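Count along the sequence shown from 1, add 6, and you get the number used in our numbering.
Simulated from the structure, these hints should not be mistaken for laboratory data.
All values derive from a computational prediction rather than experimental measurement.
No incorrect hints appear here.
Distance windows between CB atoms, simulated:
hint, residue 1, residue 2, range
1, Glu-71, Gly-101, 25 to 31 Å
2, Glu-105, Asn-163, 18 to 24 Å
3, Glu-15, Gln-94, 23 to 29 Å
Backbone N, C-alpha and C fix where the C-beta goes; we use that ideal spot for every residue, glycine too.
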Amino acid sequence: HNAIATVPEIFKRGLRPTALEFVQEDAVTIAEKKSEKKSHFSGGKAYLMIEINSASEEELERMAETIAEICEQNNCVDVFLAEKKDQQEVWETRGKFYELLKEYTIEFLDVVVPPAQIANHVDQVQRISEKYGMWLPTYGHAGDGNLHTHVMKARLNGGNVEWLDESEWKERYPKVRDKIHADALSREGLVSGEHGIGIIKKKYLPLFF
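Use the sequences and the hints to build the structure in full.
This is the structure in C-alpha coordinates:
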(Lines of atoms letter the chains of each structure in order from A and count residues from 1; the text may use other names and numbers.)
(Lines give C-alpha, C1' and ligand atoms only; values in the text may rest on other atoms or scores of the structure.)
Protein backbone atom coordinates (compact mmCIF):
# COMPACT_ATOMS: atom_id res chain seq x y z
CA HIS A 1 0.00 0.00 0.00
CA ASN A 2 2.77 2.46 0.92
CA ALA A 3 4.29 2.46 -2.57
CA ILE A 4 1.12 3.15 -4.49
CA ALA A 5 -0.17 5.58 -1.83
CA THR A 6 2.92 7.69 -2.51
CA VAL A 7 1.62 8.63 -5.97
CA PRO A 8 -1.05 11.19 -4.91
CA GLU A 9 1.46 12.70 -2.48
CA ILE A 10 3.88 13.36 -5.35
CA PHE A 11 1.15 15.19 -7.28
CA LYS A 12 0.12 17.19 -4.20
CA ARG A 13 3.63 18.63 -4.08
CA GLY A 14 3.22 19.99 -7.59
CA LEU A 15 5.50 17.43 -9.25
CA ARG A 16 4.59 15.96 -12.64
CA PRO A 17 6.94 13.07 -13.52
CA THR A 18 7.19 12.18 -17.21
CA ALA A 19 6.67 8.53 -16.21
CA LEU A 20 5.35 7.01 -12.99
CA GLU A 21 5.02 3.22 -12.96
CA PHE A 22 3.93 0.83 -10.21
CA VAL A 23 4.81 -2.86 -9.99
CA GLN A 24 4.36 -5.52 -7.35
CA GLU A 25 7.16 -7.77 -6.17
CA ASP A 26 5.87 -10.94 -7.83
CA ALA A 27 6.14 -9.52 -11.36
CA VAL A 28 9.77 -8.61 -10.63
CA THR A 29 10.40 -12.11 -9.24
CA ILE A 30 9.17 -13.70 -12.48
CA ALA A 31 11.22 -11.27 -14.58
CA GLU A 32 14.39 -12.13 -12.67
CA LYS A 33 13.70 -15.85 -12.71
CA LYS A 34 13.06 -16.04 -16.45
CA SER A 35 15.95 -13.77 -17.41
CA GLU A 36 18.27 -15.43 -14.85
CA LYS A 37 19.49 -11.94 -14.05
CA LYS A 38 19.16 -9.88 -10.88
CA SER A 39 17.40 -6.56 -11.47
CA HIS A 40 17.83 -3.23 -9.71
CA PHE A 41 14.61 -3.91 -7.79
CA SER A 42 15.36 -5.28 -4.35
CA GLY A 43 13.95 -5.53 -0.85
CA GLY A 44 10.41 -4.25 -1.31
CA LYS A 45 6.92 -5.68 -1.72
CA ALA A 46 6.16 -3.13 -4.44
CA TYR A 47 8.07 -0.55 -6.45
CA LEU A 48 7.64 2.82 -8.13
CA MET A 49 9.62 3.71 -11.25
CA ILE A 50 9.71 7.48 -11.58
CA GLU A 51 11.18 9.42 -14.48
CA ILE A 52 11.66 13.19 -14.28
CA ASN A 53 12.95 15.80 -16.71
CA SER A 54 14.00 19.41 -16.30
CA ALA A 55 15.74 22.15 -18.24
CA SER A 56 18.37 22.56 -15.52
CA GLU A 57 20.48 20.24 -13.37
CA GLU A 58 19.59 22.26 -10.27
CA GLU A 59 15.86 21.84 -10.82
CA LEU A 60 16.28 18.15 -11.60
CA GLU A 61 18.20 17.64 -8.37
CA ARG A 62 15.56 19.52 -6.39
CA MET A 63 12.79 17.38 -7.89
CA ALA A 64 14.70 14.16 -7.16
CA GLU A 65 15.30 15.21 -3.55
CA THR A 66 11.63 16.09 -3.05
CA ILE A 67 10.46 12.77 -4.48
CA ALA A 68 12.97 10.88 -2.32
CA GLU A 69 11.69 12.76 0.73
CA ILE A 70 8.07 11.87 -0.08
CA CYS A 71 8.99 8.20 -0.58
CA GLU A 72 10.85 8.10 2.73
CA GLN A 73 7.86 9.66 4.50
CA ASN A 74 5.81 6.76 3.11
CA ASN A 75 8.19 4.17 4.60
CA CYS A 76 10.09 3.19 1.46
CA VAL A 77 12.92 0.67 1.88
CA ASP A 78 15.27 2.49 -0.48
CA VAL A 79 15.46 5.15 -3.19
CA PHE A 80 17.60 4.16 -6.17
CA LEU A 81 18.70 6.97 -8.48
CA ALA A 82 19.52 5.26 -11.75
CA GLU A 83 22.51 6.48 -13.70
CA LYS A 84 22.21 6.66 -17.48
CA LYS A 85 23.62 3.14 -17.94
CA ASP A 86 21.06 1.68 -15.50
CA GLN A 87 17.99 3.54 -16.74
CA GLN A 88 17.61 1.47 -19.89
CA GLU A 89 17.82 -1.78 -17.92
CA VAL A 90 15.14 -0.61 -15.47
CA TRP A 91 12.71 0.28 -18.27
CA GLU A 92 13.53 -2.88 -20.21
CA THR A 93 12.58 -4.93 -17.14
CA ARG A 94 9.28 -3.01 -16.87
CA GLY A 95 8.57 -3.59 -20.56
CA LYS A 96 8.87 -7.37 -20.19
CA PHE A 97 6.27 -7.91 -17.47
CA TYR A 98 3.35 -8.65 -19.80
CA GLU A 99 5.24 -11.13 -21.97
CA LEU A 100 6.74 -12.90 -18.96
CA LEU A 101 3.39 -13.30 -17.21
CA LYS A 102 1.33 -14.06 -20.34
CA GLU A 103 2.07 -17.80 -20.25
CA TYR A 104 0.29 -18.13 -16.89
CA THR A 105 -2.51 -15.62 -17.56
CA ILE A 106 -6.20 -16.44 -17.97
CA GLU A 107 -7.15 -12.82 -18.59
CA PHE A 108 -5.34 -9.48 -18.61
CA LEU A 109 -7.38 -6.71 -16.96
CA ASP A 110 -6.88 -3.06 -17.87
CA VAL A 111 -8.97 -0.94 -15.51
CA VAL A 112 -8.38 2.74 -14.85
CA VAL A 113 -9.37 4.59 -11.69
CA PRO A 114 -8.79 8.19 -10.55
CA PRO A 115 -5.17 8.48 -9.32
CA ALA A 116 -6.44 9.42 -5.86
CA GLN A 117 -8.18 5.99 -5.69
CA ILE A 118 -5.37 3.87 -7.06
CA ALA A 119 -4.03 2.73 -3.67
CA ASN A 120 -7.51 1.72 -2.50
CA HIS A 121 -8.09 -0.25 -5.70
CA VAL A 122 -4.77 -2.10 -5.37
CA ASP A 123 -5.65 -2.94 -1.75
CA GLN A 124 -9.00 -4.33 -2.88
CA VAL A 125 -7.36 -6.45 -5.59
CA GLN A 126 -5.16 -7.92 -2.85
CA ARG A 127 -8.21 -8.71 -0.72
CA ILE A 128 -9.90 -10.36 -3.72
CA SER A 129 -6.74 -12.40 -4.31
CA GLU A 130 -6.76 -13.62 -0.71
CA LYS A 131 -10.50 -14.33 -0.65
CA TYR A 132 -10.51 -16.44 -3.82
CA GLY A 133 -7.02 -17.89 -3.50
CA MET A 134 -5.91 -16.63 -6.91
CA TRP A 135 -2.65 -14.98 -7.89
CA LEU A 136 -3.30 -11.47 -9.23
CA PRO A 137 0.00 -9.71 -10.02
CA THR A 138 -0.62 -6.04 -10.69
CA TYR A 139 1.42 -3.27 -12.29
CA GLY A 140 0.68 -0.21 -14.38
CA HIS A 141 0.80 3.49 -15.09
CA ALA A 142 0.30 4.90 -11.62
CA GLY A 143 0.37 8.49 -12.83
CA ASP A 144 -2.94 8.17 -14.67
CA GLY A 145 -4.54 5.39 -12.61
CA ASN A 146 -4.29 2.73 -15.33
CA LEU A 147 -3.57 -0.68 -13.77
CA HIS A 148 -2.93 -4.06 -15.33
CA THR A 149 -3.97 -7.07 -13.26
CA HIS A 150 -3.25 -10.57 -14.55
CA VAL A 151 -5.75 -13.22 -13.46
CA MET A 152 -3.50 -16.26 -13.24
CA LYS A 153 -3.93 -20.02 -13.67
CA ALA A 154 -0.86 -20.60 -11.52
CA ARG A 155 0.41 -19.65 -8.08
CA LEU A 156 3.75 -18.26 -6.91
CA ASN A 157 5.23 -20.42 -4.17
CA GLY A 158 8.62 -19.47 -2.75
CA GLY A 159 9.61 -17.78 -5.98
CA ASN A 160 8.54 -20.79 -8.07
CA VAL A 161 5.51 -20.84 -10.36
CA GLU A 162 3.16 -23.79 -9.85
CA TRP A 163 0.36 -24.49 -12.33
CA LEU A 164 -3.17 -24.81 -10.98
CA ASP A 165 -5.50 -27.54 -12.12
CA GLU A 166 -8.33 -26.10 -14.21
CA SER A 167 -10.80 -27.15 -11.52
CA GLU A 168 -9.01 -24.81 -9.09
CA TRP A 169 -9.55 -21.65 -11.14
CA LYS A 170 -12.37 -22.20 -13.65
CA GLU A 171 -15.24 -21.26 -11.32
CA ARG A 172 -13.36 -18.61 -9.33
CA TYR A 173 -11.93 -16.70 -12.28
CA PRO A 174 -15.20 -15.04 -13.49
CA LYS A 175 -16.01 -13.99 -9.92
CA VAL A 176 -12.56 -12.47 -9.49
CA ARG A 177 -12.84 -10.57 -12.77
CA ASP A 178 -16.32 -9.28 -11.88
CA LYS A 179 -15.18 -8.16 -8.41
CA ILE A 180 -12.22 -6.22 -9.82
CA HIS A 181 -14.38 -4.48 -12.42
CA ALA A 182 -17.03 -3.72 -9.79
CA ASP A 183 -14.42 -2.12 -7.57
CA ALA A 184 -13.18 0.06 -10.43
CA LEU A 185 -16.79 1.11 -11.08
CA SER A 186 -17.32 1.99 -7.41
CA ARG A 187 -14.33 4.34 -7.66
CA GLU A 188 -15.63 6.10 -10.80
CA GLY A 189 -13.22 4.14 -12.97
CA LEU A 190 -13.48 2.50 -16.38
CA VAL A 191 -13.19 -1.07 -17.64
CA SER A 192 -10.28 -0.17 -19.93
CA GLY A 193 -7.74 2.61 -19.73
CA GLU A 194 -5.35 1.67 -22.49
CA HIS A 195 -5.97 -1.52 -24.46
CA GLY A 196 -9.51 -0.96 -25.69
CA ILE A 197 -12.77 -2.89 -25.57
CA GLY A 198 -13.10 -6.33 -27.12
CA ILE A 199 -15.55 -9.20 -26.94
CA ILE A 200 -14.57 -10.13 -23.37
CA LYS A 201 -14.98 -6.62 -21.93
CA LYS A 202 -18.04 -5.70 -23.98
CA LYS A 203 -20.51 -6.99 -21.41
CA TYR A 204 -19.16 -4.56 -18.79
CA LEU A 205 -19.79 -1.41 -20.81
CA PRO A 206 -23.39 -0.85 -19.60
CA LEU A 207 -22.07 -0.78 -16.02
CA PHE A 208 -19.67 2.05 -16.76
CA PHE A 209 -21.72 4.23 -19.11
